[in-house]
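Start from the sequences and build out the full structure, keeping to the hints where you can.
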Amino acid sequence: MSRKAGWTLAVLGLSALTGCGAPGEGGFGVGDMLLTAGTTQAPAQSAEIRDVYCPTVDIVDGGAAIQVRGGGEGGSVRSQVSLGEVARECIGQPDGSTLVKVGVEARALVGVGGSSGRYDVPIQIVVKDGSTVFANRSRHVAAAIPAGQSRTTVSVIEEGIVVPASYANSFEIEVGLGGRAAGRRG
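Residue numbers (this note's numbering): 8 to 193.
These aren't lab readings, by the way, just hints derived from the structure by calculation. Using N, Cα and C, we set each Cβ at its ideal position, and we do this for glycine too. Incorrect hints may appear among the rest.
Between beta-carbon pairs, the in silico distance windows are [to be verified]:
| id | residue 1 | residue 2 | range |
| --- | --- | --- | --- |
| 1 | Glu179 | Ser89 | 17 to 27 Å |
| 2 | Glu166 | Ala71 | 18 to 28 Å |
| 3 | Arg76 | Ser162 | 19 to 29 Å |
| 4 | Glu179 | Gly120 | 18 to 28 Å |
| 5 | Ala151 | Arg57 | 29 to 39 Å |
| 6 | Ser122 | Glu55 | 45 to 55 Å |
| 7 | Ser122 | Thr63 | 18 to 28 Å |
| 8 | Ala151 | Gly103 | 34 to 44 Å |
| 9 | Gly155 | Thr63 | 18 to 28 Å |
Below is the structure:
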């Protein structure tokens with residue numbers, strides 16, 4: 008066999024293994040049969056979807072701020088932690104579920120009679136539909152206010168929250184400052 012004929016057979020053999028037609032035309036060749044061990048093609052996985060239902064973030068009642076007062080209820084505010092910006096991102100998954108990411112910013116302020124230092128900021132993030140809770144995450148973040156300063160900002164990002172497909176168009180996102188009061192640490 009001539010060298011030219013050998014090359015021609017090699018090219019024809021590769022063409023048969025890779026299938027007929029151009030990519031994306033839906034052809035299913037011998038090579039595909041070898042890779043999938045049969046004559047049926049695996050269903051195509053769709054990519055993530057960014058245009059999905061993504062509710063606004065609600066602040067729970069009484070969860071927007073925490074104050075520590077000196078001298079009891081009528082005393083001056085020694086420190087305050089309040090919510091700042093909140094954000095969310097929702098990405099549809101191939102199985103119909105939604106992957107949710109929530110970001111929360113909190114601001115710590117030193118008030119009259121307060122002092123710089125580290126303050127505990129308790130942040131609660133809940134993703135739910137009615138009484139069905141998909142995520143209830145509590146995070147405590149240290150807000151350090153340097154000497155001579157009166158405020159600082161901290162942020163938390165919670166990701167990996169999965170909302171099942173059957174709830175993907177009706178869930179809620181709630182955040183708030185919760186747990187024990189924001190107190191000074193050392």
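Checked hints:
1. One distance hint, 17 to 27 Å for the beta-carbon pair Glu179 and Ser89, holds here, with the actual separation near 22 Å.
2. For the pair Glu166 and Ala71, the supplied restraint of 18 to 28 Å holds, since their beta-carbon distance comes to about 23 Å.
3. In this structure, Arg76 and Ser162 meet the distance hint of 19 to 29 Å, their C-beta atoms being roughly 26 Å apart.
4. The hinted window of 18 to 28 Å between Glu179 and Gly120 is violated, with their beta carbons roughly 39 Å apart.
5. Distance hint check for Ala151 and Arg57: the Cβ-Cβ separation is about 36 Å, which falls inside the suggested range of 29 to 39 Å.
6. At about 48 Å, the beta-carbon gap between Ser122 and Glu55 stays in the expected band of 45 to 55 Å.
7. A beta carbon spacing of about 37 Å between Ser122 and Thr63 contradicts the range 18 to 28 Å that was offered as a hint.
8. For the pair Ala151 and Gly103, the beta carbons lie near 43 Å from each other, so the given range of 34 to 44 Å is met.
9. Between Gly155 and Thr63 the C-beta distance comes to about 38 Å, which lies outside the given range of 18 to 28 Å.
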